[in-house]
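With chain A's structure known, arrange chain B on it following the hints.
2 protein chains.
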Amino acid sequence: MNWVKMKITFEQEKKVIVALLEKMNVPNEQARFTAEVLAEGDVRGFASHGLLRLPYILNALKRGTIVANAEVKIVKETPATALLDGGHGLGHYVAAKAMQTAIEKAKKVGVGAVGVNNTNHFGIAGYYVEMAVRDGMIGIVTTTTDALVHPWGGVEPLLGTNALAMGFPTEPPAILDMAMSVAARGKLVDAMKNGQKIPESWAVDSEGRPTTDPSEGLKGALSPFGGPKGYALAFAMELLAGSLVGAGLGKGVDGTLEPVKGYSTKGDFMIVINPDVFASTKEFKERTNEYIKEIKSSNKAPNVKEIMIPGEPEQKTRTKNLAEGITIGDAAWSEIEKFANELGVELKSLL
Amino acid sequence: MNWVKMKITFEQEKKVIVALLEKMNVPNEQARFTAEVLAEGDVRGFASHGLLRLPYILNALKRGTIVANAEVKIVKETPATALLDGGHGLGHYVAAKAMQTAIEKAKKVGVGAVGVNNTNHFGIAGYYVEMAVRDGMIGIVTTTTDALVHPWGGVEPLLGTNALAMGFPTEPPAILDMAMSVAARGKLVDAMKNGQKIPESWAVDSEGRPTTDPSEGLKGALSPFGGPKGYALAFAMELLAGSLVGAGLGKGVDGTLEPVKGYSTKGDFMIVINPDVFASTKEFKERTNEYIKEIKSSNKAPNVKEIMIPGEPEQKTRTKNLAEGITIGDAAWSEIEKFANELGVELKSLL
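Protein sequence lines, in the order shown, are assigned to chains A and B.
Per the working numbering, the first sequence runs over residues 126 to 476.
Per the working numbering, the second sequence runs over residues 126 to 476.
No lab work stands behind these hints, which were simulated from the structure alone.
The reader is advised that the hints may include incorrect statements.
Below are the SDA-like pairs computed for lysine to any residue, each with C-alpha atoms no more than 25 Å apart in a straight line [what the hints assert, rightly or not]:
1. A:Lys-407 to A:Ile-417
2. B:Lys-344 to B:Lys-376
3. B:Lys-445 to B:Ala-172
4. A:Lys-201 to B:Arg-259
5. A:Lys-201 to B:Glu-408
6. A:Lys-344 to B:Lys-421
7. B:Lys-410 to A:Ile-199
8. B:Lys-187 to B:Lys-386
9. A:Lys-312 to B:Ala-426
10. B:Lys-430 to A:Asp-330
11. B:Lys-140 to B:Ala-457
Pulled out of the complex, with its shape left as it was, chain A reads as follows (with noise of 0.2 Å):
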């Protein structure tokens, strides 16, 4: 085995986890939650929302900013919405309660809203648009982060990269699932560490200027993708997640990379729609996937092999990742061994 350029499966990756996750008291089945949603997203090409959060959220356990044994309890509830705290328990494991009770809503009364604070990062967003599709749901997800991306014509870090994740039961799944800003924090910070260059509309610099360069990005802020459009988007997202549910707002979102001042203050909002409440989930699957077929024949752009639909460009890396198996960076990796070794869970043994 060779530990210093690690390959392990979907399914050693899951079991690593929740095996970690235990030891620091997380209850089984809060643990395999977050070990599906951690392992999901680096199955499809996402690490930074893969087990490289692991070491961080295993810090806020240790530190008691994340609780290990989080109850989530219904604050107020309508037959067709409810408000959660999270209790301050593992983000992914309340998103998925959180979404199992708009699904449920759904189901009976056409549409579920559900809005989540006193939660934690929930991994990909569209994990839990899933969860509804494969319930034959339309799902909608937005989540806030810590502010790294500025208004349109600002200077500061005022808004989160907000996910926002939609998703729909047709064949294959369309499932979009997209941030705010042109691009990821970390990009900028791989970019800095690999001595390159930026594209000037990933970010600007503290004076409010287009950069190139990445290190005067990350003094600066994110901009958002598509200007105004994407800055108006983020807004949304930020008082959707943010103020409807009584979680933190702009500079007051806090803890989504680790909680480390207190806990986290981000919030989640998601909605449910059944197709069999308006036309109905048959004519929607129908006519829908007659849609995406004739989208995928129709003619390319030059140099384009394929057009794709929303999603399918992580399917197919995630069909691909599940075959030949998950790399995991040097530094991941060797932050796991050592929280393995100082919880006392045997590696070997799992892989």
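Below, chain B alone, put in the same frame as chain A:
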């Protein structure tokens, strides 16, 4: 009175529209809704969604492809949702009825989701979310248009410009209202007429190559804003206001400029959220208003005079135009005069 460069007030525009529509047997209530939304389009600076549209509407009323005295029917209903059949009526009236239905449901169960088919172009999407905002609610509205936008990597127009509007009860009201294309088709037509080039990001030619020639762009397709992200959003809106609600999809959406061949096949989808079932309306407003102040007083990029929240630029234009009057283009006004003569409406008595 200068009949060549016509300038009219907001109230005059509404009177003219109501008078002409009533001559086409449109009931007063429906005429007033239509006039209100068209005039709101003009005062905000969206001439393409204002009086300019009236001749298309009048032609369709003559032809019978817009039904003058349509009845909006509820086809399916739950406490939280409704599917409406607009009876091929005036889109503005139908959408306003749909929004009223969604607001009523959100007042009762916290969220209301309403789909609409058999309807027509409804003007500016922002108008309807403002109806929710006036009732202290959050409004989300989307709608389909004739296919004008290419999928990412594609060449053919297979997606509508599909407006997405979101409104929040804040001070000032935050109103996002955007098309999924970088630029409106009308801007390419204007550039062509004026012999101007267009930015490379606006459109592709019929081979899928980015073009600066507006006539080539008009033969090709409009590009989605923000690259693949805008494509994914346009796709999602196409499904929500299309196959979900039993309306047309892709090339199957017809008649949003003017229903010529038959009834328009566009659809609408809207969601209203009552902040009181989440944190609370009071908390939502107070905290968001503070956040808006923080954004507006934050540091500005070079040459930026004011940082605005979504909807503020349009409100500034609206205030100016309410005070100074609305300039109506010569061609548009001569069309109105033509219809007025034909229908026996004395415009001078209304101005």
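Structure-based check of all given hints:
no. : hint                   : in the structure
1   : A:Lys-407 to A:Ile-417 : 15 Å, holds
2   : B:Lys-344 to B:Lys-376 : 15 Å, holds
3   : B:Lys-445 to B:Ala-172 : 15 Å, holds
4   : A:Lys-201 to B:Arg-259 : 24 Å, holds
5   : A:Lys-201 to B:Glu-408 : 15 Å, holds
6   : A:Lys-344 to B:Lys-421 : 21 Å, holds
7   : B:Lys-410 to A:Ile-199 : 23 Å, holds
8   : B:Lys-187 to B:Lys-386 : 13 Å, holds
9   : A:Lys-312 to B:Ala-426 : 23 Å, holds
10  : B:Lys-430 to A:Asp-330 : 18 Å, holds
11  : B:Lys-140 to B:Ala-457 : 16 Å, holds
Of the numbered hints stated above, none is contradicted by the structure.
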